[in-house]
Each structure stands twice: as structure tokens, then as C-alpha cells.
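2 protein chains.
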Amino acid sequence: MMGLLLARYGLSDQSLLCIDSKSSALKSGQADGIQPRTLEVFKTLGISDEIENEACHMWEFAFWNTSQDKLKIIERKSVMPEVMAPARFPYEATIHQGRIERIMETDLSRYSKRAIVRNTKLLNVRLDEEGDPEFPVIAEIETSGVKQTIRSKALVGADGAHSTVRQNLGLELQGQSLDYIWGVVDMVVDTNFPDIRRRCAIHSPSGSVMVIPRERIITGEYLTRIYVHVPDAIKTGCDKAGTDSNSEEIQTGDARLRRRKVTLENILQQARDVFRPYHFEPKGDDTVDWWAAYQIGQRLSPEFAVRDSQGIDRVFIVGDACHTHSPKAGQGMNVSMMDSYNLAWKLAYWINGLSPISSNSGKPDSLLQTYQIERHSNAQQLIDFDRQFSTVFSGQFNEEEASISHADFVELFNTGNGFTSGCGVEYPSNLLVLKDFPGGDCFNPVQGTNYLAGILRPGRRLLNVKLKRFADGWQRDIQDDLPSTGRFCILALASSDLLDPESISATTLNKVFDITQQFPANTVEEIIIYPNLRQPFSWEDIPARVKVHAEMRFYNGYDLDDAYKIYGVDPSQGALVVVRPDGFMRQGQ
Amino acid sequence: MMGLLLARYGLSDQSLLCIDSKSSALKSGQADGIQPRTLEVFKTLGISDEIENEACHMWEFAFWNTSQDKLKIIERKSVMPEVMAPARFPYEATIHQGRIERIMETDLSRYSKRAIVRNTKLLNVRLDEEGDPEFPVIAEIETSGVKQTIRSKALVGADGAHSTVRQNLGLELQGQSLDYIWGVVDMVVDTNFPDIRRRCAIHSPSGSVMVIPRERIITGEYLTRIYVHVPDAIKTGCDKAGTDSNSEEIQTGDARLRRRKVTLENILQQARDVFRPYHFEPKGDDTVDWWAAYQIGQRLSPEFAVRDSQGIDRVFIVGDACHTHSPKAGQGMNVSMMDSYNLAWKLAYWINGLSPISSNSGKPDSLLQTYQIERHSNAQQLIDFDRQFSTVFSGQFNEEEASISHADFVELFNTGNGFTSGCGVEYPSNLLVLKDFPGGDCFNPVQGTNYLAGILRPGRRLLNVKLKRFADGWQRDIQDDLPSTGRFCILALASSDLLDPESISATTLNKVFDITQQFPANTVEEIIIYPNLRQPFSWEDIPARVKVHAEMRFYNGYDLDDAYKIYGVDPSQGALVVVRPDGFMRQGQ
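Protein sequence lines correspond, in order, to chains A and B.
Just so we're aligned, residue 1 is where the first sequence starts under my numbering, counting upward by one.
Just so we're aligned, residue 1 is where the second sequence starts under my numbering, counting upward by one.
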């Protein structure tokens, strides 16, 4: 994701190197869930189609619990929408991680001839400001036994839970691991369990299982992933452990030993027990695609970046290198890609001298420092949520005896959904998120606090709305005018006085154009929305520069979605919003 | 399109040869409009994404006429939706024909290593049943001066208005050409005409222009196509004629001479006159991408296929080879591709011996004969519509003096819209379209006659509806379960008694499964929709074979779209529909 974005932001193969110790994209296993916000981002990159067309779309989450009726053993308690936040893609997509990697790699090859350099391992990395202080990052890499030393301005470690980058720079994951052991299996199943095509949380008297329906495979059959809580006492003692997942393996004595003893047959037997009275088996031979056993742990690095002696951020870590957690909320791949999505444009601005400070090279750039502020805060929320979710989910509970009830679990799922969907993420105040309004909150043109439903809020992503374009009547998604090109956008919600050339609305728009013209060409675009003006009008009735600068980004904001209502803006007041290159709002005014 | 479909239906490079006299996909000009039904078909092939993402979407059609106010000269009379028929894609997409060719060629290369053999010309074709009567079609082709003779079971000529195939087989285009001369230009324009981003028909005192907004090009600017009615008296006499379009060039003395005299400057000057008082120019140098001058003619071949002495259809013509007309209704590329879409699956069934008759090889196959019946009828409608539309459009009219008023023109556009969108096409009764119900119309389970709005009708395509899948709650488009795989589909709209195992609904479903199991494997699939049954139910409460055969094609038909209402089916009655491999309905019951 980082390599793709930097290549698209214009870094050539001469300036950019992306290495991978693996020899190819992943063949099986590991992550499989794409959250709604990640799909929105993929759409801004033009790479969402294959997922929209071929992934499994999880629309619903079914909750099964121990039944009061002893013959039934388990019963369905409720079915909820999988995604509760309003989102352009109101489902979670599941598809094999290797395909996601291939989709991104194919797109990368449009921008970079070299693309990913595989079979290449990072041996070590250090900062050395002697020699060339502009290129102080020294990395030693090895391809098929041949070592090379690379000097660079910056380096990003997306090298997983055992990150060499993190270890070399003296950072460490801090936190605790829980003793729960889980097994995960990808397979085609033969079952009469009625909700096998829905995401399910099943809590039976025998334990817990999570079901993740997956994409259709080449045989025409459908994959299913199950996560199974493996009970403490493993009866069979076979030593074969499954392929390690990227999730953390904490080597604490007891649990490690127990994990090593888990076999595929243990996991399947436990699943059979939980699914009773329904039958549950792999369908025929060779239908188990992948399996693994892992422990749940939540750990976080206190720092996501390391600075040189001038205070300039030079080495960054993203993804599992800075936070590890359980896979069951479907967050790992998503949060990790969003780390890179947050950092990439900031790096591009810094490298190209486009931020106010980076135009003086050799000075610390506070733009880069927002990466740590924004993504550490996000990772902390993730860790906190995952700890709660895993604890509740691993606990054996039924409604009669458990300390945590079915209702509590559903409640936790619901409140976490804004965060897990990626649609409710909110960054704290910083250089790039101005939550305080100049002159005080009474000048805030936005009414309402239901930010998840779309009310404009600095630090959150701009919700998609459907708008009708003035120039041609095209019914468009506003997010399609916010592609991931690295540009900022001024979103102007004009007020009802727009047709009066002396109005605040018209004069403000002209001021906006004055200001944006002062920025380097093509770094700022305008999107302009108008409310119901109660009379027909043509281009001549509004400020002429609207057509000059924003002819194809000038929208009727009420015929389709009521953008003013959704965004919480009074049409008699209007509002201005600064949208960052990653679709998050910097400020409103 | 024909090559792509046959390759996807399983014909290997050993059995299939697709030649093109051109050396590459088209570089500029010619067709540019993709109608809603064509997009639906592209979606069933998984090749609609690039068009959805990057084409211009025409949502609205603006009608401009001479104004009563002499200062205004012209004024906008009305803005209509471009597509009035309900369609999955409610717009016409415009994008350069070369990109459409490239999209299909890229997809073809997934199925055929050889793909399109270019720089290869058909010299002649004939039927010769001596020798090998199974391969009676003899074609001589030439690649870079090297000639080869090919024997085949069948040949399809998609070789344009001057079709060698048509001429060699003694077929001819019949009909008349009109004397109107039109110029067409693709360019980036500089204009203050307010509707330049909408499709427009402009009738000014100086003549007529049609505006077709086009896709954004690499410079970030937007192409515009204009069709200009060139007045009879060409003032300048430059001899340079534009590149020929595929549209017919009828060599009738006067008009031909006049057409040859048309220059780009003539066309632009005429456009300037029509657009007055608005200014209208190419934007800077080198922004004219392509231009041509053509005459309008409507001609049709009475036969679309030629048979051997056994009565077996062996040689077919599709597209401009069998019908030519004006380009302004945006039909040429669409109708031509739909000719192939109609014929390809029939050829595949015949070649594979899958139709009842073709399993006896050497006998005429009435399945193949339906191509002529269905597509000739469609072409005749096209010709009739185009003649009216062109006459009206070429006529200089204003509301005071014209014999055809603005209202008439809009009315013609509206009534033609079902046909031009491709969504209202209806084939006549034939082997594949059974309009009469066994036992008489009183047994017809479908109520209503507004077929364009979705009422089930043999001979029309099945309208897309949104349905919620029982197995997983996925909110899907029914057309996504009708991919272009060559399969037939039984669409069963179950009735409200489904939960009673002895009901007509349950026993009928079981009979459907009995019958479909008798067909070769994978040639027939079932889609099953249920109405509101007024109580929760699970898989055990309905016929077991629904889950066995149609687990992932079993839908709630009322929570999202009301499928019963849209399709005109009484939920207390239910209905069965046979859907052909091309998405058209054969019969209902």
C-alpha cells in the first residue's frame, strides 16, 4: 500500500524501493476481511472493482447462543446488519489476502517498472548522519545471498509483528497477551448449520466459534473460515503446528506449549462440538485450504517513528510492526493499510517540499509528526476494543450463568462497529485536525453531533453522499471527486443567497478561489454544493470562477441526498470544509 | 464480441479464428455510445467496470430551439432524463470505441492465446459441400501478402457496411438514403453554451446540431462530439474529406459530391452559426481528435444468414453488414454487438450438439434460424426509428413554422427511448419466444402490460431487481445471477403457500428440479424468489432441494424491491419463467 501510494504520488523507481522477503504474493490464509472504509479508499484508487465483483459480501451478523431448550442445544438469538455506520459499501468484503496483494501489485506495475523486489530481506537498518545528512537512513538488504547497502531519506517498516526495523531502532511492542488459544481454518464445509453463509458468533455449552463466510472459489464452491476457541486441555498430543499467521506469537511457556500441540483435528473436533446438533465437516478431501493456531495478544509500540538529530522523522513503522491484536474483528490488514494511507501523502509532501516547513530542507516537519499522533491514537483504540471483544468472545457464556450476557456482547459489537468499519475513526486535534473554531464554537456552522451519520467533524472522513451535477445532471458520489491523488479539497456548501453577487456566499467563493490559486498548481481543488435556491439559474447567475475552476465539481445538494441535512449545515449559513488528501476533514468554517 | 463470447463458451483456439483487417484497435472516432442494455450485458461478462468508472455518463438530454426572443436566438425548451426505461444503468455511457475494443480484447486474451489475428483480410468466402460437408464454408484470407484457405463449420461476417461476406453470398442492403449531409467532430471545445456537458438537440434558425458529451481525456479536459447538419450549399470547395466512418457511404451522385466537398472548417462554421449567440470554438490547437462527413441512409439486408443444401445455416452477417443507419441515436455499435450476443450462444449450442436437433448432426437446426427472425425484426425497427428520428432532426424547424414541432420531437425521443436504450427490445414469437400460454391467456400468471417497467413478457429481457438473499442477507442484483455463461435459468417466483410441503408451490419446485436434472449438467440453473410468507422459516421448512440446488440463488422478493409487483406476478399464484442465456425470457407459466 505504501509503495503503491508513493509511486502514484510520483516517486519514480529511482527514488523508491519496495522490498519483500517473500517470493510471491500470499498463497493462502492470513487476512481476509476488507472493511467498508478500506473499500472506500480502494475506490478512490480505482482498485475496488474485483473486490466488489468477486469477494464475498458479508451483510449480516448472526448471534447464536446456548438454548434453554436442551434438545436444540444452540439457537439463533438475533441477526444484525454487519455494518451499521452509513458507508458507501455497506458490507464487509471477504477475499483471500493474496488477491488483495495481487490487485495492488498489478496497479503498482502501472506506475513502477520495478514494482516489488521480492526474495529480498532487510538485514538491518540504522541512522547515520555522517557522510550525507540528507540521506541518513542506512539499510542493509540481501537478495539471494547478495548484500547491498542502501542510503535513503526515509524508510518505512511494514515488516510485521517481528519487525526488524522496530527491533533495530530500539522500539518495542508493549502490552499483554491472553492465554486463550484459537484455531483458524479455511475450508469448504459440509454442514446443515443454517447460518453458514452469514458471519456468526456461536457460544455453545462446548465453547465458541466465529464463522466468516468467504468468496466462491474456482470449483464453484464457497470457502468458509472458522475461528475456534481451543479448550485448555488438548487431548491429542501431536506436535505438528499450523502455519504461523502474521498475528503475534508470544512465547509464554504454558500457552506456547499448548498452542504447539494444537492440530487441525483438534480444531475440527472442537468445531463439531460447538456446532452440535448440526453436523459440520470439511466437504470431501483436500478442501482444507489453510489452518493455524494462535494466541490472542494485544501489544502496541509507544513510538511509530524515529527522528534524526535534527528532529526530522526518518524511519517509520506501520501495521503489525507497531500494533498486534487478534484477527477476529477483521482489523489487521485494514488498520495496517490505513496506517500507510495516512503516512504516504505526508511523506510525498515532505519529499517534494510542498509543506510550509519542508520547503526549508533539513528542518523538522511537523506534518510528518502527525502520523504518530493520529495513528498511535487509532491503534490504542484498536487494542482497547480488541481486548474487550476477545475477552467477551473467548469467555464461555450462556444467558443463565455468564457474567457477560448476549445483550452485552451485541452491545459491544454495535458500539465498536463505527470503529471496526473504519467509518467512525476520529483523529485527535493536531496540525491537520483543527477542532476549535476561530472565535469559538458559536461560529461553528455545523449543527449536530451524530458524526457517524455524517455530521461534519474535523478528524473524521467525509461521508459519501449522492449529488446531482449541475453541468450535466450526472448522479455522482462525492467521494469520486476525492480520488487519492494527493490533492487537498475545499468543499464549499454555498448558502441560499448564492445568486446575489454581493452575498456572503458569492464573495466567500471568490475569496476561496483567490486563496487556492496561491497554492502550487493542482494541489487544491474545490467542490461546490448549492442548496435549493428556489429559482432556475444558469452559469451567468453565479460567480464566474465557479465555472472556470469547478465546472465539473458543482453540485445540486438537495435533489438526491440532502447533503446539508446529512452534513449538519444550515442552508442559510453554508459552510467551508478543508478535506485532506486522505479524505479526512481538517477543519470546517 | 462474437469471438469473445465463443471463446468464453469454450471454443478453443483450435476451433475458433477471429480476423481483423485493421492493424490495431481503433485510434479515434467512430462509435462512442454504450446504451443501458449493452452495459447490462457487459456487466454479465464482468467487463463493465472501466466504462462505469471512466466513461462519460449521459444522464440528461436538453432540447434547444429557436427562441421567440430575437436577441436570445435559441433557448432551452426542456431537459429530459436520457434514459426513461428502468435499467440497471440509468444513463448512456460515452467513451471512445477503441477503448471498448481494447476492453473486449483484453478479456478475450484470458480465454484465447491467439485472440484477434490482425492485418488479415477476408478475400472471399463460399459454400462448398464437396469434400467435407461438415466443414462446407471455404474462406480465403490474406495476412501481409500470404494467402490461406480455411474450412469451417460456420462463419460470421462482422465486416461492416461494405461486407465482403454479404457481397460474396449474394445478399444486399436494401433501402434508401436521404440527401442530408452531416459532419461529425470530436474535440475539446471552448464555449459558453451552458449545456455543453449534456446531450443536446439544438434547432436554431441556422440549422441543427447534436451535442454528445464525452469522456475526460489524459489532459484532464473533456471531449465533446458534435453532429452538424451541413447545409446544402457548401461555400468553400476544398476537396479534403474526413476519415470515413463505418456508417454507410452511398455513392449517389449529387450528395456524394457535396459530401466530398465538406471540410472541417465548413462543419465548425456551421456549428458556430447554430450555437449563436454563444461562442463555440475548438479549444486551442490540436484539440480536434477526429472528424468526418457522411450521408444518412437506412438500409437493411433481407437475409442475415445463408444455408447449405441441407438447410443448415452456415454463414451469418451481423452489425453494419446487415443494417446501416445514421449514428445519431447512438445505436450502431450497440445493435451490432447485440446481434452477436443473440447469435453466439445459439452457435455454441449447435456446435456442441446441445440443442435437441443439433444432436443429430447434418440436420437443419431451428435454433440457429431464430437469429434471423429475432435480429431482422429488431433491425427493421431500428431502421424505421432512425428514418423518423433523422428526418425530424435534419429538418429545420422552429415552433412557428415547422411541420414537426418541438413537442413532436420530444415525443418521438420518448417513445423511441425503450428501443434506443435497448431495454424495450421485444422479439417476435418463435421457437425461443412462446407468447401463447398453454390452455390460453387465462392461465397467464402475469398481470399488467407495462412491459418496459418490468412486467414479465416473453421475448423481452428480464429487468434487474434488487433482492435480499436468504442464505446470507446479501443485497444483490438479480442480473448478477444471470451471467453470460451460456446457461438457461428457471426463475421461480414461489407463491405464498411455499411452507406447506403439499402446496402447489412446493410440489412445483420439486417438479422443476426433476426436469432440470434431466438436462446436461450445468446447462440449467434455478433462481427462486419467495413472497412475504408472514412467518419466520428456515431451510427445513421448504423443499430440501432448494438448498441442495439453489442455496445461493434463493431470495426474499419483497424486502428491497417488490419483485412480484415489478414483474406483475400475484404472490398467491406465483410464476415460472424460462430465461435464455442472453437474459431474454422464453416463456412464463
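It is possible that some hints are incorrect.
For chains that are exact copies, the list does not tell them apart, and a pair is met inside one copy or across any two.
[To be verified] No more than 30 Å apart at the CA atoms, straight line, and that leaves these computed lysine-lysine pairs for DSSO-like: (1) K466 x K261; (2) K72 x K121; (3) K121 x K511; (4) K27 x K113; (5) K283 x K547.
Rather than coming from a laboratory, the hints here were simulated on the basis of the structure.
Hints, verified against the model:
no., hint, verdict
1, K466 x K261, "neither (53 Å within a copy, 48 Å between copies)"
2, K72 x K121, "neither (53 Å within a copy, 72 Å between copies)"
3, K121 x K511, "neither (52 Å within a copy, 62 Å between copies)"
4, K27 x K113, "both (23 Å within a copy, 25 Å between copies)"
5, K283 x K547, "between (61 Å within a copy, 16 Å between copies)"
Hints 1, 2, 3, counting from the list given before, are not met by this structure.
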